[in-house]
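J.: For reference, the chains in residue letters:
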Amino acid sequence: MLKLDNVTKVYKTGTFGGESLPAVRKVSFEIRPGEVTALIGESGSGKSTLGKMILRLEPVTSGTITYEGTDIARLKGKRLREYYRHVQGVFQDPFSSYNPVFRADRVFATIKRSYFPSVSNAEWHERVETSLKSVGLNPVDVLNKFTHQLSGGQLQRILIARALLLDIKVLVADEIISMIDASTRVDVLNLLSNLKARGLGVLFITHDLSLGNYISERTIILRRGVIVEMGATQKVFDNPQHEYTKMLLTAVPQLHKKWEAGLEPELAAMGVNAQDDGRPGRYSRSSLHPLANMHARKGRREFAEHELAEGLLRTDTYLRTHEEVPPLVEIEDDHFVVESTRVH
Amino acid sequence: MALEVDHLQLCYRTLRGDVRAVDDVTFTIDDGEIMGLAGESGCGKSTLGNGLVRMDVRMRQLAGRVELDGEELPISDEKAMRSFRFKSVSIVPQYAMSALNPTRRVGKMVSELLKSRGFDYKSALPELERRVKLVGLDADVLKRYPIELSGGMKQRVVMVISTLLNPSLLIADEVTSALDVSTQRAVGEMLLEFRDRKFVKSTMVITHDVSILAQVADTILVMYAGKLAEKASADVVINSPLHPYTQLLISSLPEVGVRHDEHTLVGIPGRPPPLLNPPAGCRFRDRCPFAFDRCAEEPPFMEVKPGHSVACWLRTKGAAPAGGAEPC
Amino acid sequence: MTVVGHEGDLGTDEPVPVDKAPVDSTGEALTAKKRFEFLYFAVRNKKLLIGLSVVVLFALVALLGPLFVKHSMLAYGPPFRPPSAAYWFGTNYFGQDVFAEFVYGLRESLFVGLLGGCGATVIGMTFGFLAGYKGGMIDEALNVLCNVLLTIPGLVLLILIAGFLHHTSAVIEGLLIAGTTWTWAMRAIRAQTFSLVSRDFVGLAKLSGEKSRSIIVREIAPNMSSYLFLVFILLFGGAILVAASFDFLGLGPSNGMSLGIMMEQAADWSALPLHLWWWFVPPGAAITCVVGGLYFANVGLDEVFNPKLREL
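Protein chains in written order, with this note's numbering: chain A, 3 to 346; chain B, 12 to 339; chain C, 165 to 476.
Treat the hints with care, since some could be wrong.
[To be verified] What the simulated footprint calls covered on chain A by chain B, stretch by stretch (three residues with Cβ under 8 angstroms from a Cβ of chain B suffice, anywhere in the stretch; the number is not a length):
id, region
1, 94-104
2, 179-190
3, 240-251
Derived from the structure by calculation, the hints contain no laboratory data.
Note that beta-carbon positions come from the ideal geometry of N, C-alpha and C, so glycine has one too.
If we strip away everything but chain A, and leave its shape as in the complex, we get:
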């Protein structure tokens, strides 16, 4: 439905734009209807840039993004507006998404002006109310209020309601819950998941693996603008191949599993029991950021992490020094990893 093909984005920086900063490099994937695709990456991975390019808020440097076969870079004027009827976005900061001078429900009025000028006010009001109810909001609670009178969760849901008033097929959700309270996050997440049932394709951009795992069918792991691993969520999480994916999984703080426990598979593979690790301090900073100093420390747990870090450093160095991006290799059905990991 929405297809990215070798999309690349290079920013020009420095005086007279002499230097170039690649933000996204040869990314290809598809957003399919009725599915949530999680795009996972840390800061600097280019995930937000991808979201903006899909929403035509940033131009593509090379490669194509096609929607239903049409290259979106060519759309202008009326055709661009039609595109937005099918593809919409919600951003990270709910308070920045609203013009603070006006009431929050003005976002509906703006949509009406552009897309539904001939609909009567009464009917529009009804549609708005229906849409609000479908995202779990009580219209009385949120209409006619200013932005600061509403919570982050309510604001994000209003934006989803706004998008649903159009006839959208694709929703780009860029870190939409990271700035709302923990107790309401899951409600918005559940909402996103329910949109699948309506046939929507959702691109869920996040840095938090547990969220991606919760609602997505497919996962794409992005590192420095390059896809390092992607596939069906279950497969990527149960059988992570790339060092970066493994590192993400071990580093994510969890409620019921301590950080040390994350390395059990690696340690088990080396025949080491995680408990009999007798090193003095528990600090193992060096292993996590491969570009930091790599101290040669004793201790088997660090060795496992050291291995991960080594692999990650190899990938990073390769990406930094080579123009071309290593291709993805299918290691099992619907599970792809970037080739350079195969090089030991």
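Fit chains B and C to the given chain A structure using the hints.
T.: Structure of chains B and C alone, referenced to chain A:
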């Protein structure tokens, strides 16, 4: 006892009256303990943490007393606090990125800071370099400008600087919020290491992210709408909490391995009450599925099991509703 | 009460009472509640009230003055008379009624100031919004234009242009001033626009199919309304001053009267050595008071709009 807070009340002065951000809070943090202060926006945790170090101009202390190492901590006296800050009490702020002066090299900034506290930079330098290396940075980071460092590096540098004089109390205010997962882990492990190596005596970690607390904290204190809801060891708070708010909060957090189709999580409906004119009685009453008549009266924060305190009538002996719903 | 990853922007507001939603990210929002708040502080701000009163006073004199003028401005009467009941501001070298001159001169000065100020504001806004919103080549081009104009001394430019025109009127003068004093306004508005353009609500407006011009007018400008107001006040005051200097040099409207022309005539006809203080003190004082009042009110308004400057 490193830190003792007794019936502390802090408020913000606004045009429309006093916002009671910290309403009668009592707790202690032992030496060597890492206490997590958890809660959502507007619960008062940041006010509490920041108030212990430096009261904002709009803040007022209405009541209560704070003691550090047996000596009173004069938090409302700006001048008197100067001799405590950085030496006995230190804070690692949110947005470490902005905490570093962009026009100074890091080392220069540290030397100015030490000089203002009456310490000599040169004699502190070996220890400073040792600690910088300990957190995985090069010693030459001291010669760099902040703009040359990444967000994670800046956060680590700020942490080293904040703990340089081995404070008795370290307050970490949302230090992992804006960071990548790998740096979050690094910072979390740094907090643990600093405690293990006795660079700090007691630590207060303020965050809305309970999963970070699960990794680093010994005890967790949950705040809701300016009041204390629950305090217990981290294990207990996460696995067998007693306060309905804590229970609902913990059960609404997605974890790796939990999928929506298998197990749909549920959030807490409604919003926290306004702190300008808080309602009488238990502040969680409107959103609590187990509320009953007694909740119209404010429950005291008391120890119901050894090391486990809750502010909930359901847990206080003899107050639970007859044959009533017991939360599991 | 902190929220993850929130960026500071135009400057955080007053303490957000904890009863509101998590961090209020507005800088200079004019929500209904805030409008009321502005009004509350506005009527209590001494600087604003004093400045505004002075300006209003002179405006009233300009409006209603002609009703009180007894003698025609051009009629010749007894010269060198100090202020008296018959001639409220006395007479000048030629025996003309200084009060009459003053009233009509004030009208003209205010008119030119208003025209110049409004014109400069409009130009500054147009160019500023365009440059800030569009960026790229348009921004570069407008910047070049702005910088060129900035380096040319305004008064010299005006003198040169006036030299080419055979006949100047108040309107032309006003337009000339508008055309040369807009530069700093454009710079300031452009900077503010830059910071607003990157906000998500502008992105959302684009996603709603709004055209650029619509976005500027409906989304960006309202956010800066307090700032635009301040810009206008400063340009208005500045225009009066420039016009006065212009007139003083003898380049003013050929057959008109303005405060600057009064002062020019006073200087030309030796008012000072002849001790005809009533000829140049009123116009000088009027200019000083009006412009001073405007600037004073501006400072007060800044305090009203920016909570950090208020002493609470």
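J.: Go through the numbered hints given earlier and state which of them the structure violates, listing their numbers in rising order.
T.: Checked against the structure, the only hint that fails is number 1, while the rest are satisfied.
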